[in-house]
Structures are given as C-alpha cells and as structure tokens.
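Note that the protein sequences, when read in sequence, are chains W and S. Numbering-wise, the first sequence is residues 1 to 496 according to our numbering. Numbering-wise, the second sequence is residues 497 to 992 according to our numbering.
Simulated from the structure, these hints should not be mistaken for lab results. Small disclaimer: the values here were computed from a predicted structure and weren't measured. Possibly wrong hints are sitting among the right ones.
[Claimed, not checked] Here are the simulated lysine to aspartate or glutamate pairs, EDC-like style, with alpha carbons at most 20 Å apart:
no.: 1; chain 1: W; residue 1: Lys245; chain 2: S; residue 2: Asp964
no.: 2; chain 1: W; residue 1: Lys101; chain 2: S; residue 2: Glu922
no.: 3; chain 1: S; residue 1: Lys513; chain 2: W; residue 2: Asp382
no.: 4; chain 1: W; residue 1: Lys17; chain 2: W; residue 2: Asp168
no.: 5; chain 1: W; residue 1: Lys17; chain 2: S; residue 2: Asp964
no.: 6; chain 1: S; residue 1: Lys971; chain 2: W; residue 2: Glu407
no.: 7; chain 1: S; residue 1: Lys896; chain 2: W; residue 2: Asp468
[Unchecked claim] For the chain S half of the interface with chain W, some residues (derived, Cβ under 7 Å), not all of them:
no.: 8; residue: Arg590
no.: 9; residue: Ile591
no.: 10; residue: Pro722
no.: 11; residue: Lys818
no.: 12; residue: Val913
no.: 13; residue: Arg954
no.: 14; residue: Cys957
no.: 15; residue: Trp961
no.: 16; residue: Leu965
no.: 17; residue: Leu966
no.: 18; residue: Pro967
[Stated by the list, open to error] Covered stretches of chain S (chain W as the covering partner; in silico rule of three or more C-beta atoms under 8 Å from a C-beta of chain W):
no.: 19; segment: 712–721
no.: 20; segment: 924–931
Each residue gets a CB set at the ideal place from its N, CA and C atoms; glycine is no exception.
There are 2 protein chains.
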Amino acid sequence: MKTFNDATLGQVNEAMKNSWTAFKEYRKKDLKQRARFLRTIAKEIEAVSSQLIVTASRETNLGEARLRTEVKRTIFQLTSYADACEEGTWLDIRIDTADPKRNPEKPDLRKMLVPLGPAVVFGASNFPFAYSTAGGDTACALAAGCPVVIKAHPGHAETSQLVADAIDAAAIKCDLPKNIFIHLHGASFEIGKALVQHPYTKAVGFTGSFEGGKALFDLANQREVPIPVFAEMGSVNPVFLLPGKLKRDTGVIAKMYAASITQSAGQFCTNPGILVGIENDDLDEFEKLLCDEIKKVRPEKMLHPGIAKSFIAKRAKALNQKGVGIAAVSQFEKEENEALPTLAEVPAEIFLNNPLLHKEVFGPFSLLVKCSSMKELLQVADAIEGQLTCSLIATAEEAKQNAGLIEVLKEKCGRIVFNGVPTGVEVALSMQHGGPFPATTDSRFTAVGADGIKRFARPVCFQSWTDDLLPAELKNANPLGLWRTVNNELTQKAIQ
Amino acid sequence: MKTFNDATLGQVNEAMKNSWTAFKEYRKKDLKQRARFLRTIAKEIEAVSSQLIVTASRETNLGEARLRTEVKRTIFQLTSYADACEEGTWLDIRIDTADPKRNPEKPDLRKMLVPLGPAVVFGASNFPFAYSTAGGDTACALAAGCPVVIKAHPGHAETSQLVADAIDAAAIKCDLPKNIFIHLHGASFEIGKALVQHPYTKAVGFTGSFEGGKALFDLANQREVPIPVFAEMGSVNPVFLLPGKLKRDTGVIAKMYAASITQSAGQFCTNPGILVGIENDDLDEFEKLLCDEIKKVRPEKMLHPGIAKSFIAKRAKALNQKGVGIAAVSQFEKEENEALPTLAEVPAEIFLNNPLLHKEVFGPFSLLVKCSSMKELLQVADAIEGQLTCSLIATAEEAKQNAGLIEVLKEKCGRIVFNGVPTGVEVALSMQHGGPFPATTDSRFTAVGADGIKRFARPVCFQSWTDDLLPAELKNANPLGLWRTVNNELTQKAIQ
Chain W
1 MKTFNDATLG QVNEAMKNSW TAFKEYRKKD LKQRARFLRT IAKEIEAVSS
51 QLIVTASRET NLGEARLRTE VKRTIFQLTS YADACEEGTW LDIRIDTADP
101 KRNPEKPDLR KMLVPLGPAV VFGASNFPFA YSTAGGDTAC ALAAGCPVVI
151 KAHPGHAETS QLVADAIDAA AIKCDLPKNI FIHLHGASFE IGKALVQHPY
201 TKAVGFTGSF EGGKALFDLA NQREVPIPVF AEMGSVNPVF LLPGKLKRDT
251 GVIAKMYAAS ITQSAGQFCT NPGILVGIEN DDLDEFEKLL CDEIKKVRPE
301 KMLHPGIAKS FIAKRAKALN QKGVGIAAVS QFEKEENEAL PTLAEVPAEI
351 FLNNPLLHKE VFGPFSLLVK CSSMKELLQV ADAIEGQLTC SLIATAEEAK
401 QNAGLIEVLK EKCGRIVFNG VPTGVEVALS MQHGGPFPAT TDSRFTAVGA
451 DGIKRFARPV CFQSWTDDLL PAELKNANPL GLWRTVNNEL TQKAIQ
Chain S
497 MKTFNDATLG QVNEAMKNSW TAFKEYRKKD LKQRARFLRT IAKEIEAVSS
547 QLIVTASRET NLGEARLRTE VKRTIFQLTS YADACEEGTW LDIRIDTADP
597 KRNPEKPDLR KMLVPLGPAV VFGASNFPFA YSTAGGDTAC ALAAGCPVVI
647 KAHPGHAETS QLVADAIDAA AIKCDLPKNI FIHLHGASFE IGKALVQHPY
697 TKAVGFTGSF EGGKALFDLA NQREVPIPVF AEMGSVNPVF LLPGKLKRDT
747 GVIAKMYAAS ITQSAGQFCT NPGILVGIEN DDLDEFEKLL CDEIKKVRPE
797 KMLHPGIAKS FIAKRAKALN QKGVGIAAVS QFEKEENEAL PTLAEVPAEI
847 FLNNPLLHKE VFGPFSLLVK CSSMKELLQV ADAIEGQLTC SLIATAEEAK
897 QNAGLIEVLK EKCGRIVFNG VPTGVEVALS MQHGGPFPAT TDSRFTAVGA
947 DGIKRFARPV CFQSWTDDLL PAELKNANPL GLWRTVNNEL TQKAIQ
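So here's chain W without its partners, still in its complex pose (with noise of 0.2 Å):
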C-alpha cells in the first residue's frame, strides 16, 4: 500500500492561495464550460474504473460489486449535475424591468446566483467515490463555479490519488485553469482546521462523524468572517411501525429491514438505526422474524480497522445500558474487523429517559423500542432529534389517522418514507439529503441531487446595468434559453 505524507501547513497554506487564483479565472467560464468538465471528469474516471476499484476495495474492504455500483453512482452525479449545471434553473434568475415613468423612479434589477470561492471538501471514509474526491460536494461546487480543495480521507488514500489525478486530466483536457482542483492528503486535525480557517476559503463540505462535522461547524463560526460549512453527520433515520401494516405484512417487512440494517456492513448514513412498535403479538412475531433474518446474515469487514473498533465499542455501550437486550446477533463467528450484525431492544419508557440510546452506532445494528401505546410512540417520535429520514410503516388508514405523527415526522427529518426503508439514496433533484441538526449543520440544503449546487453560490442583483454590460444569463435577449423570472412570471421568453 503506497503511503502518502501530510500536507504541511505551509503547503496548505499555498493550496488555498493557489485555488483563489483559480477562482478568479474560473468564476468567468460559462456553464457549458463548467458542464463540461464535469462530464470530462465522468469520462476520466470511467477510463480507469478497474483500476479504482481494485484499489479502492483494497483500502476499504467494500465488496467489488458494491464500490462497482458506486461508481456508477459517481458518474451518473457528475453528468446529472452536468445537465443541471447548463439548464440554469439553479440559477435562481429574477428580473424587474425599470419603470421609468413611476416616481420614484423604479429602476431595472437583476438578480442571478454566484459563485461563493474555493471550497474544501473533506473526503468521506464510507464512500470512497460518491461522497469523496469527485463525489457530489465536488461536482456542485464545480457547477457552481467554485474551486474545490480536497483532503483525502487517510482511509483511501490511493484511491483519491487516482480519483485526483483523473480529474486534473480532464482539467487539462478542458483548458481549464491550473489548481481549479487541488488534492491534499492528511490525517491531522490540524489540517482540517487549518484548511476551514483559512480566509481564502469560502465553504466547506464535509461527510462524516457528528464530533468531526461539530468541530469544523465551530471552527468556521470562529473565523473573523464565518462560512457555511455542509456537514452530513448520520442519523439513526428511526422507523415507526403501525400495528396494521405491521400485521398484514409482517413476513415482507422483517426481511426489508433486516437487508436494511446489514447491507456493507451497515455503514450507511441512512441505516435504519431505531425501529418503534406498539408491544402486541403481531410486534412479537415481527421481531421473532426479523431476528431470524439477522441471525443468516454474515459479518462482514468494516472499511477499516478503526471503525470497527468504534462499532465494537458503541456496540457494547448500547447494550450495557440498564434495559436493553440483545435479541438476536449474526450465528456466524466473525473475525477481525468484521461487524456482527445485530438487533437490541429496548422498552420506550427507558429509551424516552436515556439520551445514550438515541445515538448512532454506525454498523449493522439497529435497536427496536417497544412502546405500550400509541400515545408513547408519539412521545418518543417527539422525543427523538434531527434526522436525515424518519420512515413510516402504516396502511393508508392508520397514515390518515395519524397525521400528527405525520407532522411530528416532518418536523425531525429531511426525507419522510411511506412503507420502504430509507437506504438507497436516490440521486435525483427531488432527492433532500439532508435534516435537521444534529442531523446536518444546515437542513437547509442537500448533499444529494443538483439542488446540492446552490450550497456552494449566493444571489447577486445588478441594478440598473447596461444590456451590453450584463452577463449573458440576465441578458434581454435570454441568449442561454434560461427559466427566469421576469416581472414576477416565470418564463423562457426574451425581454422586449
């Protein structure tokens, strides 16, 4: 395994440099341009996809078939993202025509997104590709314009060598300037926080562990001019189960969520980490079937030898709480690094009272909270924090009867699911991934699907400019084809 050294901080230090001279002649490409280098990078990428993923499972231990679907994923991103880029709805255009004759006079405003700067962007341990190097926070703060500086997750480093070295061919390929993309490796807090303080730097992005995304949120809050930072944190993405559907289809829901919790090794920010029932005989039988369903499931390697540390240890700490008791584990030994699958359950009355057990224990466990009444399923519902998913087993009878659960659903989460389970991040524009916090730093955007674009841009309105002076998105004539917004009505239309 090759290794690689830390970048020091006087090499930071002239990274960030170096992708702020990048900006200022990024800033000025058009979105064709930036499209396509990101369909470049798509095509790169693809060119040496054997190679990536042989390396990739090697560093990881995640399976062939499963980095093969990833990077698949990667590459529908950056086209999908490629096509949003150049469509330029995101670009929020709205425009006021003057009205001379109005007193005051009412001058001409328009109105377009920007690009925000360099962006950092931290590799994710869980996703070597989609949610690393050239993963969606890079592709969006490409599309919007923006420079990105990336730290390498240590865990993959080589990986995100080859990934890097894809993207600056396409860069050359596209006449693009140097340093528009710059990669860094390091495995120091240090350099975080040297990268997220640096004043050149203008967002952050970021997926991983709550302490890890809190310290960077902090450390941005700190500077003298703060900046958003796009921390995806995890969630336990809790799943309440109604008696009815539970009943009727008992069999079928066991085995989806046994799937759920397990595939690679549970280490999903989606896994389902919380299941909610009302204690009677049918909840009994789903969880004799979903026990029987964890027990055939084999342990598998965790990325690396320190989260399955970490899992081993939170593992424990869930399962030494007053209460709580394993109801079943994987029958298969399991070896080093490898997780054992498992299910624990736990009365309401003591989940409601212990804060320990609302936390995410990244792996294939999930924790089953039986409550009395449907009266306490809403308290815990109530009771629990910010989500990237909340799921709702229910008949359409039991969802009609319960529609505060609903709204309380709602409030927690960024993505509601109606009898499925919420692995499987679909990659589209009506995708929200993203919550409240402790869930995200900021529900008010996504990590998935082009909307992830408008993270890394801010509006801008030029008043009274000339239409020779304009950029071409605000132009009379509409040149691009853009939707805009024009004297309050949406339209393609040019201005007469």
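Given the structure of chain W, go ahead and fit chain S onto it with the hints provided.
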C-alpha cells in the same frame, strides 16, 4: 410617552412555548390562508396609519413624509409577499415519479419547502415599520408558515405595540391560532439572549448594528441545536468613481450623492459611507461641488439620543485618525441630537492601512478616499470587507475596460449599482438585500423581496407516498396550479 415593562425571563419562556403550540396549528394553514392573513394585516395597518405615523414621529424624530412612505412600503411588502406566498414558486417543488421497471426500482420522490418553526424577530431602530413589528422579517416568516415572536425595539415601543394590536386584530379576523404572533417588550441583552437560545426558537431575524447581530449569531451557534440567524448589520456601501464618467457628469453625480449621503440624517443601511476616486482635476472639481452641496444640507434630529451620541463619537474617531481631513460640514448650527452632515477625505494609502476607516459611521457621513492611480483604486476594492452594496460610476467604455474591478465588486457585495446611488431599496423579487459578512450573517438569503420567505423554510422530501396522502402542493393533479419541476422539467401541468 407610554412606558412598557421589559418581559421577564418567565414571560419569554411562556411566549416561546405558546408560539410552538401555535406553530402546530399554523403550519397546517394553506398558502391562501397565509396570504389572506398578510393582506388583512396590511388593511389593519392602513386603517390606523395616521395614528401610527403620529406616534412613530414622536418616538423616532423621523419626519411624517418619510414615515408615510415607510408605512406604504410596509403595506406593499405585506401584500406583495402575500401574492408570492400564494403563487407558490418559492416552495421549490421538485417531483421525480417512480420507475418500477428500473433495477433497482426507482421510488417516487416529491420535495417542497416546509416552515422551520417559531421565528424571533428583533425590531430595527431606523425602520419602525418596514423592518420592525410587521416588517419584512415578520411578513416572510408568516408567509413561510412560521409563527413570530417580536421583540419590540425600545426606541419605538409604543408604535410597535400599535402595530402588534393591528396584527392581533387581523389574526382574529382570519380565525388563526392564538399566539401566532406574540409581542414582547424588552431593552436588555438578557431578553434577546433568552429568546435566541430558547429550544423552541427555530430562526432569528435582526436588523441593526454589527455588535448586536454578531452577538445573536454567536449565541445561536452556541446552542445545543444551532439555528439560522439572519442579521443584517449594515455596511459602508463603497462607491467607485471612474474618471471618465466623473468628468462627464461631475455636477449631477455630486448632487445625487450629496442627497444619498444626507437623506434622513444618513440613517440607512445602504448609506454610501465611502467614495473612492482617482486624484486629478476632475476629482477636485467633484469634491468641491459635493462639498458645496453638503454645506447646504440642514442637520436633522437623529432617531434617538443614543444614536446621535454614537454618531458624534464615531464621526470624531474617524476624523481624528491620522491623515483624515474634513472636506465639508453643514454650514448650519446643529441642535441637540442632530447630526452634522459631513464629508471627510483621506489618501488611499492611509485608508488601506487603517481598518477603522473601513467601518460604518451610521449617519450623514462619507469619506472620500483619494487614490493615486487605478491600481490603487483596485487595491482599495480588494481591501474592503463584505458589503450590502457596491456602486460603480463609470462610462460604458470604462466598465468594459475594468471587468476585473467589476468582478472584485461582485465578490464583495449583494447588489452592484451602476451609475446610481445605493439608497432606495426596491421591494421586488429581484432585490438582493444581503451581502458577504460582515454586512450580513448569511449572504445566501435576502431580507427584502419575496425570496426572503425562503429564510424561514427548509426542504422535506416525501418518498413513496400515495397521492391521497400527499400535501396538496405535491399531488398529481396539481390542484393549486403551482410551478413544479417534474422529472427535470419545469411545468404547471398535472401528472398523468
């Protein structure tokens, strides 16, 4: 003058609990109901406008004509945001329909903005109507579906109380939940702190000083669950005077800027506090004409004695800096609590090395920064902090030749004015009233114009919900006739 007691900390807690209860009802109200509420508030304010103007004039020293315009503006804000609320494009609806044939199956995903929860709004001293009790922040929060808790500005507490009564009357007429709007008095920092740090507070709107806004921002980020703070903290709104245009229209520009600097005793957040030009005979001529105009302006009473005192202190501090000279002051004697219109001047070299001179002197004060060359003017542009606005006075030719300068100005502000003055903030969808820190705490949002509604909302995605369970906004039939992006295409059509 009536006096009001500060709310106790117990009353603050009670207010937030009541606001949270009101939220649970109010979030269920549809766009039409919210719009009707805003329009009814506008009518109630109109009905008592004479009383409001008399009271505000007594409390703030602002003239009746100015206040009449502000009440009109406030009414226009309420009604135009009501229109935008109902029209619903701000909901940013994105729908991707299911594809059961894809492998893996593609789920149905539908996303829209939902309200954040109770919003705390701090009244502004300089705008007793448009940025206070029923001002832009309140109108936006109510349009988004958030109840509002107002902390009245102590400088116009009686006016605030009258406006609050009008809002209460409107709520009753619209049969809306009690406590959808709560009005508190309070002059102490402790009350502000308690409001921002209350667990039920989900967003904060503020217009005022940098010190005040930054303190609220820090308090909000130190919460267990941080919340967004939209603090508009003012700026010096620099104006860059290029020589060709200055030569051509010397007198017109001087007159226009003298008015902009001194209007309403300079008590606007968009007041042009810095003028930047290149030393030559034309700049001398401009300065002479500007001085002549400033001398002719009569001092006006400031909003209240505290603001007058602060103006005197900040003006004196700026004038006492090494290298700063007085160019002109009003020829009239000033009376107590009046502000003396003042133009100061300083060589760019000194300005560049003294950060104190970059700071706002809230009042009728502007500093002419004299550069030895275009290169130095660019250095000044590079050195300024984040601003609400930047203005460029230039011929078309000069603008074309100085694209680099325009790029720098864009980077620094939220609105860039061409051959005009920054004062006079149009209420329009295309307005951007917000800029990079320290002008505001979140440059991605605007405090003026219907896009400000988005400050109080966040997206939620509904995955795999059946049509009958979806909110009206997301149903196939599109019963509200909203603009929605369906399968990546913007349309008002129903889904077949």
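Results for each hint:
1. W:Lys245 - S:Asp964: The given pair, whose Cα atoms are some 17 Å apart, holds under the 20 Å limit.
2. W:Lys101 - S:Glu922: holds (15 Å)
3. S:Lys513 - W:Asp382: holds (15 Å)
4. W:Lys17 - W:Asp168: The given pair, whose Cα atoms are some 18 Å apart, holds under the 20 Å limit.
5. W:Lys17 - S:Asp964: Not satisfied, since the Cα-Cα distance of roughly 54 Å exceeds 20 Å.
6. S:Lys971 - W:Glu407: Judged against 20 Å, a Cα distance of about 17 Å means the pair holds.
7. S:Lys896 - W:Asp468: The given pair, whose Cα atoms are some 9 Å apart, holds under the 20 Å limit.
8. Arg590: holds (4 Å)
9. Ile591: holds (6 Å)
10. Pro722: holds (6 Å)
11. Lys818: At about 24 Å, which exceeds the 7 Å cut-off, the nearest Cβ of chain W leaves the hint on lysine 818 of chain S violated.
12. Val913: Hint holds; valine 913 of chain S Cβ to chain W Cβ min 4 Å, cut 7 Å.
13. Arg954: holds (5 Å)
14. Cys957: holds (4 Å)
15. Trp961: With a closest approach of 5 Å, the tryptophan 961 of chain S hint holds.
16. Leu965: Holds, because the Cβ-Cβ distance from leucine 965 of chain S to chain W comes to roughly 5 Å (cut-off 7 Å).
17. Leu966: Interface hint status for leucine 966 of chain S: violated (10 Å vs cutoff 7 Å).
18. Pro967: For proline 967 of chain S, the interface hint is violated, since the closest Cβ of chain W sits about 9 Å away, which is over 7 Å.
19. 712–721: Contact hint for the segment 712–721 of chain S vs chain W: holds, 4 residues under 8 Å.
20. 924–931: Our answer is that it holds, as 6 residues pass the Cβ test (under 8 Å) against chain W, meeting three.
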